[in-house]
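Using the sequences and the hints given, assemble the complete structure.
Here are the chains, one letter per residue:
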Amino acid sequence: MPKKAVMKMYENAKRTVLICCGTGCLANNSMQIYERLKKKVEDYGPYFQIIPVLKTTGCNGLCEKGPIVNILPDEIFYCKVKVEDVDEIFEKTLLKGEVIERLLYLDTATGRRVRSHKESEFFKRQLKIALRNIGQIDPGSIDDYIERGGYKSLKKALFEMTPEEIISEIERSGLRGRGGAGFPTGYKWKQARKINSFPKFIACNGDEGDPGAFMDRSIMEGDPHSIIEGMIIGAYAVGAEKGFVYIRDEYSLAVKNVSRAIKDAYERGFLGRNILGSGFNLDIEVVRGGGAFVCGESTALMASIEGKVGEPRVKYIRSTEKGLWGQPTVLNNVETWANVPVIIEKGADWYSSIGTEKSKGTKVFSLVGKVKNTGLIEVPMGTTLREIIFEIGGGITGGKRFKAVQTGGPSGGCIPEELLDLPVDFDSLDKAGSMMGSGGMIVMDESTCMVEVARYYLKFLSEESCGKCTPCREGIRRMLEILEDICAGRGREGDLELLLELSETVKEASLCGLGKTAPNPVLTTIKYFKDEYLAHIREKRCPAGVCKNLTSYRINPELCRGCGVCAKKCPAGAISGKPKSPYVIDTVKCIVCGACKEACRFNAVEVVGRR
Amino acid sequence: MKILIDNKECEAQYGEYILDVAKRNGIYIPTLCHSDALPGQGSCRLCIVEVIEGGKKKVVVSCLYPITGEIEVLTNSEKIIRMRKNIVRLLAARAPKSDYIKKLKQEYGITEEGRFSVDEEEKCVLCGLCVRACEEIGAKAISTVNRGTAKKVSPPFEEPPEDCIGCGACASVCPTGAIKVQEIEGKRVIWNRSFELLKCENCGKYFITKEQFEYIRNKFGIEIKQILCDVCRKKLTAQKLIPLA
Numbered sequence: 001m002p003k004k005a006v007m008k009m010y011e012n013a014k015r016t017v018l019i020c021c022g023t024g025c026l027a028n029n030s031m032q033i034y035e036r037l038k039k040k041v042e043d044y045g046p047y048f049q050i051i052p053v054l055k056t057t058g059c060n061g062l063c064e065k066g067p068i069v070n071i072l073p074d075e076i077f078y079c080k081v082k083v084e085d086v087d088e089i090f091e092k093t094l095l096k097g098e099v100i101e102r103l104l105y106l107d108t109a110t111g112r113r114v115r116s117h118k119e120s121e122f123f124k125r126q127l128k129i130a131l132r133n134i135g136q137i138d139p140g141s142i143d144d145y146i147e148r149g150g151y152k153s154l155k156k157a158l159f160e161m162t163p164e165e166i167i168s169e170i171e172r173s174g175l176r177g178r179g180g181a182g183f184p185t186g187y188k189w190k191q192a193r194k195i196n197s198f199p200k201f202i203a204c205n206g207d208e209g210d211p212g213a214f215m216d217r218s219i220m221e222g223d224p225h226s227i228i229e230g231m232i233i234g235a236y237a238v239g240a241e242k243g244f245v246y247i248r249d250e251y252s253l254a255v256k257n258v259s260r261a262i263k264d265a266y267e268r269g270f271l272g273r274n275i276l277g278s279g280f281n282l283d284i285e286v287v288r289g290g291g292a293f294v295c296g297e298s299t300a301l302m303a304s305i306e307g308k309v310g311e312p313r314v315k316y317i318r319s320t321e322k323g324l325w326g327q328p329t330v331l332n333n334v335e336t337w338a339n340v341p342v343i344i345e346k347g348a349d350w351y352s353s354i355g356t357e358k359s360k361g362t363k364v365f366s367l368v369g370k371v372k373n374t375g376l377i378e379v380p381m382g383t384t385l386r387e388i389i390f391e392i393g394g395g396i397t398g399g400k401r402f403k404a405v406q407t408g409g410p411s412g413g414c415i416p417e418e419l420l421d422l423p424v425d426f427d428s429l430d431k432a433g434s435m436m437g438s439g440g441m442i443v444m445d446e447s448t449c450m451v452e453v454a455r456y457y458l459k460f461l462s463e464e465s466c467g468k469c470t471p472c473r474e475g476i477r478r479m480l481e482i483l484e485d486i487c488a489g490r491g492r493e494g495d496l497e498l499l500l501e502l503s504e505t506v507k508e509a510s511l512c513g514l515g516k517t518a519p520n521p522v523l524t525t526i527k528y529f530k531d532e533y534l535a536h537i538r539e540k541r542c543p544a545g546v547c548k549n550l551t552s553y554r555i556n557p558e559l560c561r562g563c564g565v566c567a568k569k570c571p572a573g574a575i576s577g578k579p580k581s582p583y584v585i586d587t588v589k590c591i592v593c594g595a596c597k598e599a600c601r602f603n604a605v606e607v608v609g610r611r
Numbered sequence: 001m002k003i004l005i006d007n008k009e010c011e012a013q014y015g016e017y018i019l020d021v022a023k024r025n026g027i028y029i030p031t032l033c034h035s036d037a038l039p040g041q042g043s044c045r046l047c048i049v050e051v052i053e054g055g056k057k058k059v060v061v062s063c064l065y066p067i068t069g070e071i072e073v074l075t076n077s078e079k080i081i082r083m084r085k086n087i088v089r090l091l092a093a094r095a096p097k098s099d100y101i102k103k104l105k106q107e108y109g110i111t112e113e114g115r116f117s118v119d120e121e122e123k124c125v126l127c128g129l130c131v132r133a134c135e136e137i138g139a140k141a142i143s144t145v146n147r148g149t150a151k152k153v154s155p156p157f158e159e160p161p162e163d164c165i166g167c168g169a170c171a172s173v174c175p176t177g178a179i180k181v182q183e184i185e186g187k188r189v190i191w192n193r194s195f196e197l198l199k200c201e202n203c204g205k206y207f208i209t210k211e212q213f214e215y216i217r218n219k220f221g222i223e224i225k226q227i228l229c230d231v232c233r234k235k236l237t238a239q240k241l242i243p244l245a
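Chains as they are written, first to last, in the working numbering: chain A, 1 to 611; chain B, 1 to 245.
Keep in mind that a hint or two might mislead.
To be verified - Here are the simulated lysine to aspartate or glutamate pairs, DMTMM-like style, with alpha carbons at most 25 Å apart:
hint, chain 1, residue 1, chain 2, residue 2
1, B, Lys-79, A, Glu-497
2, A, Lys-315, B, Asp-20
3, B, Lys-56, A, Glu-501
4, A, Lys-322, B, Glu-53
5, A, Lys-516, B, Glu-53
6, B, Lys-79, A, Asp-495
7, B, Lys-152, B, Glu-185
8, B, Lys-57, A, Asp-430
9, A, Lys-597, A, Glu-539
10, A, Lys-315, B, Glu-53
11, B, Lys-85, A, Glu-484
12, A, Lys-516, B, Glu-78
13, B, Lys-123, A, Glu-463
14, A, Lys-459, B, Asp-119
15, B, Lys-79, A, Glu-598
16, B, Lys-151, A, Glu-481
17, A, Lys-346, A, Glu-171
18, B, Lys-123, A, Glu-321
19, B, Lys-85, A, Glu-501
20, B, Lys-58, A, Glu-321
21, A, Lys-569, A, Asp-445
22, B, Lys-85, B, Glu-135
23, B, Lys-225, B, Glu-214
24, A, Lys-190, B, Glu-53
25, A, Lys-569, A, Glu-598
26, B, Lys-151, A, Glu-484
27, A, Lys-569, A, Glu-497
28, A, Lys-459, B, Glu-122
29, B, Lys-152, A, Glu-171
30, B, Lys-57, B, Asp-6
31, A, Lys-315, B, Glu-162
32, A, Lys-308, B, Glu-162
33, A, Lys-152, A, Glu-164
34, B, Lys-85, A, Glu-493
What the hints assert, rightly or not - Some, not all, of what chain B presents toward chain A, calculated at C-beta under 7 Å:
hint, residue
35, Ser-43
36, Cys-44
37, Arg-45
38, Val-51
39, Val-59
40, Tyr-65
Just so you know, the hints here were simulated from the structure itself, not pulled from any lab data.
From a predicted model like this one, the values you see are computed outputs, not experimental measurements.
Even glycine gets a Cβ: it sits at the ideal position worked out from N, Cα and C.
Written out as structure tokens, the structure is:
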């Protein structure tokens, strides 16, 4: 074939392929997918009129369905792509624009395959502000960020606005700190600006440590420039000339991408001396944290940046007055900083039109646990838990019943089914005894034991408490002791009362936020699932069949059809019987693994109390 | 400005801590991690009080809460007593043998522990005073290590500390007697390190480690002609002054 004809054949190939390289997709070989596709494109190079662009992006959010390959401008969204699929994607979709049906996203809500992710329930209900660029750009490319309007807000802030105007814009937008406490960002900046003491500092809290949460990691990995731009605007507004991005060292990709973004920003004149000729100077550096959960607490984080032991101090004098090295410091969370450029660009009125009366804008959540679509989502404040879990999340896996959702990380609370219509914002979650936290959301189904959940979180907190103050260190330890006893069948009358009394002391008398919120998992589970505690303590029974010491199984002879599946699955050989008549479990041999219950199709295996 | 502590009117300076004002006015608030010689830490939480400011009540630690307005302080409200009792109970479960904790237990009417497992051997309550004292002296030989329930005070790598000068400030500020110091035959052993002691050139009593003596001499850059213990130094100075009187 003459070369010219071949070229004509492939002139339709001016496509952009976005390959998700968030941590989840990377773990499932998305880098190999990228390499293979790149090689394909290179091999065909001479035949292309315009060579397709391949980009590795940050996390798309739909981690459950990764690796994700998104092809533009067709908007063909492939899920669970394997390296073996690459040749077919190249030949069919990239060259001819044909859709490969089997790789399309299967919408859990409708059961249909959808071509573009925008048509899916998972994405349709989301509104992306903080995550605006993630999945759309190569986080390693500053040009990608600029192409999507990046650093425009910085120019606007530096040349069209005074620091006071910026602060007033942020204040009017109603933006509240996304790290958990929901402190009004604009007010914080105003306080820091007011104080006439130099130097001043700004810092970004990227010490995300909640189990199951990865909101900030995704932003740092997938769109680092949005944080840097926000920080430069903030620094200009408060008059700081030095900034720190504190990232826990376990987030190696985040450290890499943010460091690279800072370097590129220096090269383009967005950082350093006389930024864009404005006369404003700012240096930003990355500080790597050692992975202590407590270093996410503002004063502990600052101690850590200063090179001291990461312990909090009392906050009767705020960090905006005396923070890093005793100087005024503005510390905001990753997501908060990422919101700033958008507010400057689109204005406070636009931003404050989203959300509820006292919680404006959107919030990013990592939706995990027993839900069909686990991943990263961003929704307007005020979206109900039910919408998040059942519509965006697609409901509970395995046909089981919803039991509770834990919001706000380890020191958040467990919210039961009757509160599912709660609009998610700072204040309503607080009222329910939980909290917004930084946005972790763990969905639990009926097979979860709520006492065990409380025990798990207290165990985490007892290890992660810095140990400085008595109520937190000793109080959590003793509460954990009691919970361990209850789970092991050693619970006593009076334990619940003692737990509640200790909770008050830990909550009220602890030094920092970690201790002040640590009893939440215990308090909310006692409030909403008291029956389960009582079953453990009085009847020595774990209703969910989780606590091994308090569980045994029994086959209900009326429901058993005698199929023998349970006996086959039993690893201990504890089930015997004849086909077509009810089987029996030998409780002495039984190791309480629950395999029989999982296997039985007739719900004949029942959980009963301690044998 | 005037503040109210337990209904007693007290005069306070702007920025003064509640605890200091209370002490001056003879109002007792129990403390553990506080020393007048060291900056406050707010770690033991025994000195919690309720502050009423602008109609709002909050629990604060009196050792570090700065007075910036006309507030009312309750040092013994029902809530404070309840929580302080719990804190003492927690401390007692950790370090039951300490005399100071025993005294507190008595004060708050706490009977023997029935629900918590008790650390029979432990004396340290992790108040942090020793670490603070060592920092202030300038040696910085010990620190708190680990976190959570595994936290403890230790020299680096749990080895005899190189930077220690054997001054014993840590042991002297410790409210629960948790730091072991042994002195036998001209030697002092602390933190598993043995120090040679110097004698007072007047009375002949061993009183200072060689390292501490050197440390002081270097720190202040002064020529010390005679090694004298506190008592003798005062005595000899006084004798010099008598003829002048």
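Status of the hints after comparison with the structure:
With a CA separation close to 16 Å, the supplied pair B:Lys-79 and A:Glu-497 stays within the 25 Å bound. Annotation: proposed proximity of A:Lys-315 to B:Asp-20 holds, straight-line Cα distance about 19 Å (limit 25 Å). Between B:Lys-56 and A:Glu-501, the direct Cα distance comes to roughly 22 Å. Compliance with the 25 Å bound is thereby established for this hinted pair. Taking the CA atoms of A:Lys-322 and B:Glu-53, the gap is about 22 Å. The hint holds against a cut of 25 Å.
At roughly 20 Å between alpha-carbon atoms, A:Lys-516 and B:Glu-53 fall within 25 Å of each other, so this suggested pair holds. For the proposed pair B:Lys-79 and A:Asp-495, the alpha carbon gap of about 20 Å is at most 25 Å, so the pair holds. Only pairs whose Cα atoms come within 25 Å are accepted, and B:Lys-152 paired with B:Glu-185 is rejected, the gap being roughly 30 Å. Of the pairs offered as hints, the one joining B:Lys-57 and A:Asp-430 holds, with about 19 Å between alpha carbons and a cut-off of 25 Å not exceeded.
With a C-alpha separation of about 21 Å, the suggested pairing of A:Lys-597 with A:Glu-539 holds against the 25 Å cut-off. A distance of roughly 16 Å separates the Cα atoms of A:Lys-315 and B:Glu-53; the hinted pair therefore holds under the 25 Å criterion. Distance hint between B:Lys-85 and A:Glu-484 is fulfilled; the C-alpha atoms sit about 24 Å from each other, no more than 25 Å. Straight-line distance between C-alpha atoms of A:Lys-516 and B:Glu-78 comes to about 20 Å, which keeps the hinted pair within the 25 Å bound.
The suggested pairing of B:Lys-123 with A:Glu-463 holds, with an alpha-carbon distance near 21 Å, which does not exceed 25 Å. For the hint pairing A:Lys-459 with B:Asp-119, the CA-to-CA distance comes to about 19 Å; that is within 25 Å, so the pair holds. For the given pair, B:Lys-79 sits about 49 Å from A:Glu-598 by alpha-carbon distance, which is inconsistent with the 25 Å threshold. Our distance criterion of 25 Å between C-alpha atoms is met by B:Lys-151 and A:Glu-481, whose separation comes to about 17 Å.
Between A:Lys-346 and A:Glu-171, the direct Cα distance comes to roughly 14 Å. Compliance with the 25 Å bound is thereby established for this hinted pair. For the proposed pair B:Lys-123 and A:Glu-321, the alpha carbon gap of about 38 Å is over 25 Å, so the pair is violated. For a cut-off of 25 Å, the pair hint linking B:Lys-85 to A:Glu-501 stands: about 11 Å separates their Cα positions. Our distance criterion of 25 Å between C-alpha atoms is met by B:Lys-58 and A:Glu-321, whose separation comes to about 21 Å.
Only pairs whose Cα atoms come within 25 Å are accepted, and A:Lys-569 paired with A:Asp-445 is accepted, the gap being roughly 23 Å. Distance check on the hinted pair: B:Lys-85 and B:Glu-135 sit about 31 Å apart at the alpha-carbon level, beyond 25 Å; violated. Using a Cα cut-off of 25 Å, the hinted pair B:Lys-225 and B:Glu-214 holds, with the two alpha carbons roughly 13 Å apart. Using a Cα cut-off of 25 Å, the hinted pair A:Lys-190 and B:Glu-53 holds, with the two alpha carbons roughly 23 Å apart.
Taking the CA atoms of A:Lys-569 and A:Glu-598, the gap is near 9 Å; set against the 25 Å cutoff, the hint holds. Restraint check for B:Lys-151 and A:Glu-484: the C-alpha separation of about 21 Å stays at or below 25 Å, so the hint holds. At most 25 Å may separate the alpha-carbon atoms for a hinted pair to count; A:Lys-569 and A:Glu-497 exceed this at roughly 42 Å. For the hint linking A:Lys-459 to B:Glu-122, the alpha-carbon distance of about 22 Å falls within 25 Å, and the restraint holds.
For the hint pairing B:Lys-152 with A:Glu-171, the CA-to-CA distance comes to about 44 Å; that exceeds 25 Å, so the pair is violated. At roughly 14 Å between alpha-carbon atoms, B:Lys-57 and B:Asp-6 fall within 25 Å of each other, so this suggested pair holds. Distance restraint check for A:Lys-315 and B:Glu-162: the Cα-Cα separation of roughly 35 Å exceeds the 25 Å cut-off, and the hinted pair is therefore not satisfied. About 20 Å separates the Cα atoms of A:Lys-308 and B:Glu-162, which keeps this hinted pair within 25 Å; it holds.
With a C-alpha separation of about 19 Å, the suggested pairing of A:Lys-152 with A:Glu-164 holds against the 25 Å cut-off. As the CA atoms of B:Lys-85 and A:Glu-493 are separated by approximately 21 Å, the hinted pair is consistent with the 25 Å bound. Annotation: interface hint on B:Ser-43 holds; nearest CB of chain A at approximately 5 Å, less than 7 Å. Given hint, B:Cys-44 at the interface with chain A, holds; its Cβ is 5 Å from that chain's nearest Cβ, closer than 7 Å.
The beta carbon of B:Arg-45 is positioned within 7 Å of a beta carbon in chain A (closest approach about 5 Å), and the interface hint is therefore held. A cut of 7 Å between beta carbons decides the hint on B:Val-51: the least distance to chain A is about 10 Å, and the hint is violated. Satisfaction of the interface hint for B:Val-59 is found here, the shortest Cβ-Cβ separation to chain A being roughly 5 Å, below the 7 Å cut-off. At about 5 Å, the closest approach between the beta carbon of B:Tyr-65 and any beta carbon in chain A falls short of 7 Å, and the interface hint on this residue holds.
Figure legend: structure checked against the earlier numbered hints; hints not met, in rising order: 7, 15, 18, 22, 27, 29, 31 and 38.
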